[in-house]
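Fit chain B to the given chain A structure using the hints.
Residues per chain are reported as follows:
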Amino acid sequence: DIQMTQSPSSLSASVGDRVTITCQASQGINNYLSWYQQKPGKAPKLLIYDASNLETGVPSRFSGSGSGTDFTFTISSLQPEDIATYYCHQYDIVPYTFGQGTKLEIK
Amino acid sequence: EVQLLESGGGLVQPGGSLRLSCAASGFTFSSYAMSWVRQAPGKGLEWVSAISASGASTYYADSVKGRFTISRDTSKNTLFLQMISLRAEDTAVYYCAKGGQYSSSWYYAWGQGTLVTVSS
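Protein chains in written order, with this note's numbering: chain A, 13 to 119; chain B, -12 to 107.
Only chain A is shown next, with the shape it has when bound in the complex:
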């Protein structure tokens, strides 16, 4: 199985900060990587697919990059409504797997 190592597990930042989350796959995943935002008590929401493509309607402050095994998710200017847990997800090889999640808090 492909292991997705996501870091950090939690992060505290101020409004306006640039926030970066990383996800490392245990083997290459052909950029078949997506990022989701989940707020408490809610279903996950798609933000990024194929490593760097922004889902329609998602604010441009969210972005993704990377290739092969190393991927990065960035919020360019943190907003209060971005408080959530973020997950990476590989869909290259079954069983598809998620990262452990990054809980983002406002400082």
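No lab work stands behind these hints, which were simulated from the structure alone. Bear in mind that the values here come from a model prediction, so they are computed numbers and not experimental data. One thing to keep in mind: the hints can contain errors.
[As the list claims (entries may be wrong)] Here are the simulated DSS-like pairs of lysine-lysine, each with C-alpha atoms no more than 25 Å apart in a straight line:
1) K115(A) <-> K30(B)
2) K30(B) <-> K51(A)
3) K63(B) <-> K51(A)
4) K57(A) <-> K30(B)
5) K30(B) <-> K119(A)
6) K51(A) <-> K115(A)
Only chain B this time, still in chain A's reference frame:
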């Protein structure tokens, strides 16, 4: 607008069975792969199973293989997850998710989830 509505969750004893349903609307159900993803209380997301658009191919996590069966009824625009031999560690919110035209896909949309509790 894509809508996914799960149902069928509840309290079941260890070793018991349950069948989850996911009613889909707002898109051509037969053209898209579908998946189930679960989340244990206070934990992260865990991929459970996927089915191709045609229903001909199915995929499972090792933790549920042999116990869970995914299926779809195109005439009713409904996805199912039949679960048998349930264990305490299967306790979770189960989400259905809409994939792409191919099974290897990100998830465009998610339902609100249905809670399965396995306990005596």
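Given pair status - K51(A), K30(B), alpha carbons within 25 Å: 13 Å, holds
Pair hint K51(A) and K115(A), alpha-carbon separation not exceeding 25 Å: 10 Å, holds
Pair hint K63(B) and K51(A), alpha-carbon separation not exceeding 25 Å: Violated, at roughly 31 Å.
Hint consistency between K115(A) and K30(B) [alpha-carbon to alpha-carbon, up to 25 Å]: Roughly 11 Å between the alpha carbons, so the hint for K115(A) and K30(B) holds.
Distance restraint between K30(B) and K119(A), which requires alpha-carbon spacing of 25 Å or less: Status holds; Cα separation ~23 Å.
Given pair status - K30(B), K57(A), alpha carbons within 25 Å: Given pair K57(A), K30(B) holds - Cα atoms ~17 Å apart, limit 25 Å.
Checked against the numbered hints above, the structure breaks only hint 3 and satisfies the rest.
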